[in-house]
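Following the hints, put chain B in place on chain A, whose structure we already have.
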Amino acid sequence: MWEKKPVLLLVMATVAILVGTIITMVLPFAWVNTEADRIEGVKPYTALQQEGRDIYIREGCNNCHSQTVRPLVSDVLRYGEYSKSGEFVYDRPFLWGSKRTGPDIARLGGKYPDAWHYKHMESPRSMVPKSNMPDYGWLSENQLDPQMIRRKMETLGFPYTDAEIKAIEGKNEMDAIVAYMQKLGSDIPWRESTKTEIVGDLVNPYAGVDHGTMEPWEELYQQNCAACHGTHMEGEIGPELVGEDYDDEILFQIIYTGIEDNGMPSFSSLGTDKVWKLVNFIRSYRQGENH
Amino acid sequence: MESQKYNYAIVRSFVVWSVVWGLVAVLVGVIVSFQMIDPDLNFPPYLTFGRLRPIHTNAGIYGWGVGVIFATFFYIVQRLCKVPLWSDKLAKFQLWFFNATIIASAVTLLMGYTTSKEYHEMEWPIDLMIIILWVAFAINIIMTIFKRKEEQMYISLWYMMAAIIGVAILFVTNSAAVPVSLFKSYSAYAGTNDANVHWWFGHNAVAMALTAPPLAMFYYFLPKSTGVPIYSHRLSIVAFWSLIFMYLWTGAHHLLWTPVPDWIQTLAMAFSVMLIAPSWGSVFNGYLSMNGQWHQMRENYLVKFLILGITFYGLQTLQGPMQAIRTFSAFIHYTDWVPAHIHMGTMGWVSMIAFASIYFLLPRIYGREVYSIPLANLQFWLILIGQLIWSISLWVAGVLQAGMWNAMNPDGSLTYTFMETMVEMYPYWWARAFGGLVYMLGLIIFIYNLYMTITKGKTTTAQTAVAEGRA
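Residue numbers (this note's numbering), protein chains in the order written: chain A, -19 to 271; chain B, 401 to 871.
Just so you know, these hints were derived from the structure itself, not from any lab. Please note that the accuracy of each hint is not assured.
Covered stretches of chain A, going by a simulated chain B footprint (3 or more residues, C-beta under 8 angstroms) [said to hold, decoys possible]:
no., segment
1, 38 to 50
2, 108 to 120
Sample of chain A residues lacking proximity to chain B, with all beta carbon distances greater than 12 angstroms (derived) [unchecked claim]:
no., residue
3, A147
4, D155
5, K175
6, T252
Where is the CB? At the ideal position from N, CA and C, for every residue including glycine.
One chain only, chain A, in its complex shape (with noise of 0.2 angstroms):
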């Protein structure tokens, strides 16, 4: 019947293409974004990083970084804590990805200082060596507009003052993609809450290795550490390690559980082997300097 009537049919599809919509796309308006996943502490964007997120958008960073860390043991490892609904309330558009052709950043925020962030995007090679993501340092040359920045927060119906509009004028597109950076994945406290404290003593088991056995690790510090601390450990964006002497056990604690306050990030993820291996190359290429 329906074979010979269009209008029927028409309205029999229409029918058949809204149940699955209702139930699946429609009805979770009722749950999602409500008092239900709110989390306190989550904040709309500042003026500054609302327009690094729509540079973001604009140079389509989102085709090759994700923004969610999935609840599975090697994503939180690499990542971090899982993403929450609640965290993404601000969001438009959302920007989870579909590929990871680079890392996940959706826990970015916090984890290198801003230095880092400007050398990485001025020349992401001279920071991760065989990386294929293209130079962003023209972003730098572009002033940023006040004025639209100040509509879109309107638009948006973001909280924002004055002085914080004034304080845009002068600063550039680079500035504002560092801050969204800053800003990604910050706004619950899932560092402290995930910090690993070591319990018990720590004994170094490459204690007494010689040199020789030392030089294949150097590749570990070059692809770890290189970036911040040069490829001599002259330092650069950290401090210079040759000189410094701490001991084997706080060097470890040090590479292994970061220092907040001061940006150097934790390298628990590369296990204890070779933070062990790091501290004694560190510590031996130090002694060769002296000799």
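Chain B only, in chain A's frame:
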């Protein structure tokens, strides 16, 4: 003869323009595949991976995919309804508005005007253009159906009508945004809601633009090419209704393990697996229609394209549900496996059907025989091999990277840093770029064959064209 009144001019124009945009899509695809290997091939601000990739996907979907839909549907609807198009003027407007929309999309995306929503990146003014375009198309198709002379509506018309409704609902809902300026808007939905709305759109755009319309073409052009009818009318009824009912539940399988409520994810997973049945309903209907006709795979190049196309559809609709299962998604999602899956669908299924449809149309709309069947065969093998290199290399890459992401040391720490896993991708990305080049060569041969047919093909006798083309 009645057929003289049919508007084939519009079909000719849409064939040519869809192929032009198809070449753009593939060319930009090849360019971005090399940008992934060598970041020095990015030329900011306009020619970077982040800005070009949406041009690749949208030129593919809206330029090539939708362009072919317009071309073939305008042909099929006239033949199946046995009446000329309802409005030639509206169709003409649609043609030029279509090209204006695609050009405006490409230019604005290059400028960085984007909503970031995958397969729907264009900003709100372009969204409005696309809506106008679709309404014009819908009116013309539906009005032609209303005044048809053939009472019974063939399967292809059902899929067309469902696609027209489906795309309209999906596109309008996902376009909702508040403009700040002419080229910047903010989504009407926030965070998790926005994600859920978007992937309801994203997955069903695949259903309503890249599944239902190619099925409409398949159901029309397969029997036309083989000369024998579709195996089971009843099976096509069951497959049609269950397909358009079930698809809409599955969008959240793109969001497994994200903050989207679990029950939506579970429903999406269940319906994705159930979708195997209606998908394979069409696959079986195609295969069984070949009963006693398999020799045509050797003799008739159109059948080769169509049957390989439906085979890739079958594979696609098995692999898709597999990826929609939580455990498998946990492993494979976010890796290069996913683009490999998509490209089997676009390069294998949709494009194979589109090429066959265009080859079938050429003699009927131009009155000229296809210039070279050996070239068509060469093209077949190039696009088949190109696509297989493309997909297989990235499936391997995806499994490798997923394995490395999940590898753990005995103390429970991760074995590899992110960069250690990424650098392993380079050889596979080279292979993928090579596969893309082979595919593009196939496409260029197709365009050459098309050009030669139009300009130098042997004139067909009016008699045969009409007789063969009779609906």
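Hint-by-hint comparison with the structure:
1. 38 to 50: Holds, because 10 residues of the segment 38 to 50 of chain A bring their Cβ atoms closer than 8 angstroms to Cβ atoms of chain B.
2. 108 to 120: holds (count 9)
3. A147: holds, 21 angstroms
4. D155: holds, 17 angstroms
5. K175: holds, 16 angstroms
6. T252: violated, 6 angstroms
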